[in-house]
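2 protein chains.
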Amino acid sequence: MPSAWIISIGNELLIGRVVNTNAAWLARKLTYLGYQVRRIVVVPDDEAEIVAAFREALSKADLVVSTGGLGPTPDDITNLAAAKALGVDAVLDETAKEWVLEKYRQRGYQATPERLKMAYIPRGAKPLYNSAGVAPGIWAEQGGKILLILPGVPKEMEAIFEEQAEPLLRARGPGLCFAEDSFYLAGVPEADLSPILREALKIDERIYVKSHPKGHETGAPLEEIHIYGSAGNCDEARNLVAKVRQFLVDEIWRRFPQAKLTPQPQSG
Amino acid sequence: MPSAWIISIGNELLIGRVVNTNAAWLARKLTYLGYQVRRIVVVPDDEAEIVAAFREALSKADLVVSTGGLGPTPDDITNLAAAKALGVDAVLDETAKEWVLEKYRQRGYQATPERLKMAYIPRGAKPLYNSAGVAPGIWAEQGGKILLILPGVPKEMEAIFEEQAEPLLRARGPGLCFAEDSFYLAGVPEADLSPILREALKIDERIYVKSHPKGHETGAPLEEIHIYGSAGNCDEARNLVAKVRQFLVDEIWRRFPQAKLTPQPQSG
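Chains as they are written, first to last, in my numbering: chain A, 2 to 269; chain B, 2 to 269.
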């Protein structure tokens with residue numbers, strides 16, 4: 002199963018001023034595209050840290066997706082750091098330059114070095130049009146690996162991903178289908194579920210089961226049981242998830258006749 | 002300035018099912034305690050990955066804080082992985098065992114291997130009482146580094162941090178004070194702010210300035226300008242932030258007399 006790493010760039014994430022919703026959004030997208038996201042790494046606006054994170058990610062994962070650091074201010078250095086990590090020059094891309102300057106021109110703004118900076122991309126890479134803002138995304142390939150660079154503003158990140166990157170990834174991607182299901186279980190402490198989960202995990206290595214405690218382990222035990230995994234096609238993935246779910250329900254009721262199973266958490 | 006890494010453990014974060022609010026909460030706490038959070042790393046429920054992440058973090062940071070993987074289910078392996086990373090055995094801690102079993106005993110539950118698993122900690126480490134759940138946190142020290150291990154359930158993570166870990170960190174911590182301020186700026190594209198931010202960043206290396214675009218760069222430009230940093234005492238930190246803020250306001254008004262500055266974003 003092809004692997005992906007997500008690199009989130011920005012001091013605001015490391016001082017806890019911003020919650021990293023971008024990484025969760027991308028993780029979900031990549032999972033559904035058939036990638037196994039193995040790591041999310043948050044690094045500061047520091048060139049050496051960004052270059053090191055890109056290099057490590059490219060050595061470990063098939064796909065690396067970054068967010069942040071593509072704007073016009075002095076701490077926006079992701080395009081230059083990416084070029085360093087890839088071992089190539091950053092060059093002014095004519096297409097990206099036209100996109101960037103046209104957006105400013107429409108409002109009567111001139112070209113400045115800060116604006117042009119956003120049109121630099123690693124040599125050999127391809128700019129991705131930003132329909133929701135100015136800074137283009139970047140698509141680079143090297144040694145069979147893909148590096149996808151997106152802005153940090155969520156609506157711009159999402160627009161470039163969905164309009165530009167997702168079709169490319171779908172065409173080039175692993176062709177796996179992800180499926181999932183979940184239910185809530187009340188009245189059984191998580192510790193007592195453990196042997197059942199252990200058996201369920203043995204049914205098929207493509208399917209994973211995880212319980213998430215939502216109540217109080219010894220007071221009012223409540224868990225969300227989440228079953229998920231990917232297979233070669235969607236029917237197979239759904240059938241595997243259904244099979245594991247059936248096993249779990251049967252075993253829980255066999256061992257804990259007082260257990261309450263519901264599709265959503267219920268009070269009482 | 003002492004550095005910290007945050008290690009978030011859990012497949013649910015890597016499939017985008019859960020947004021990593023724990024990391025943001027901890028990042029803010031650690032920043033205010035005077036630590037510079039240099040990296041957040043999210044890893045799956047996989048022993049080799051957790052051990053590798055702990056080892057790398059302990060080699061790079063003064064303080065490592067993890068969340069997740071302390072419960073009673075088969076994928077909860079953080080206490081054992083931490084022992085491996087530290088190169089010591091995981092041992093049944095008598096204090097932790099008493100805490101765990103007492104919580105189950107109060108509700109009429111017996112001791113089982115899954116319940117006792119939560120009382121294992123790396124040899125030489127210290128358990129931290131969990132007032133909001135069962136699984137204790139862990140405080141370990143090695144070679145001058147601190148490893149703080151917390152559960153993934155937010156209310157349990159926050160309870161152990163605030164009641165047990167924060168007093169220890171405050172007593173042992175760097176003794177720096179963090180300060181911050183921010184304002185909103187409408188009517189100036191972020192690209193045109195860039196030279197002013199560059200100058201502001203030179204005023205004092207302890208203070209950082211970052212602009213966060215909230216509007217549309219060429220349509221209706223709106224930025225939040227955030228000024229922050231740490232100094233030896235709180236007065237000094239606040240004064241440095243105020244000085245940089247004053248410089249920014251003066252320079253923005255000098256160069257852009259039409260700029261609108263507000264404490265909060267305003268429509269129109």
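If you're looking for bench data, these hints aren't it; they were derived computationally from the structure. Please read all numbers here as calculations on a predicted model, not as lab measurements. Check the hints yourself; a few may be wrong.
Same chains, same names: a pair is fine if it fits in one copy or spans any two.
Derived pair list, reagent style DSS-like, types lysine-lysine, alpha-carbon separation capped at 25 Å [said to hold, decoys possible]: (1) Lys215 <-> Lys98; (2) Lys98 <-> Lys85; (3) Lys146 <-> Lys203; (4) Lys104 <-> Lys215; (5) Lys98 <-> Lys156; (6) Lys104 <-> Lys261; (7) Lys146 <-> Lys244; (8) Lys61 <-> Lys156; (9) Lys85 <-> Lys61; (10) Lys215 <-> Lys156; (11) Lys215 <-> Lys61; (12) Lys104 <-> Lys30; (13) Lys146 <-> Lys215; (14) Lys156 <-> Lys85.
Would you pick out the hints that fail for this structure and give their numbers low to high?
-> 3, 7, 8, 11, 12, 13, 14
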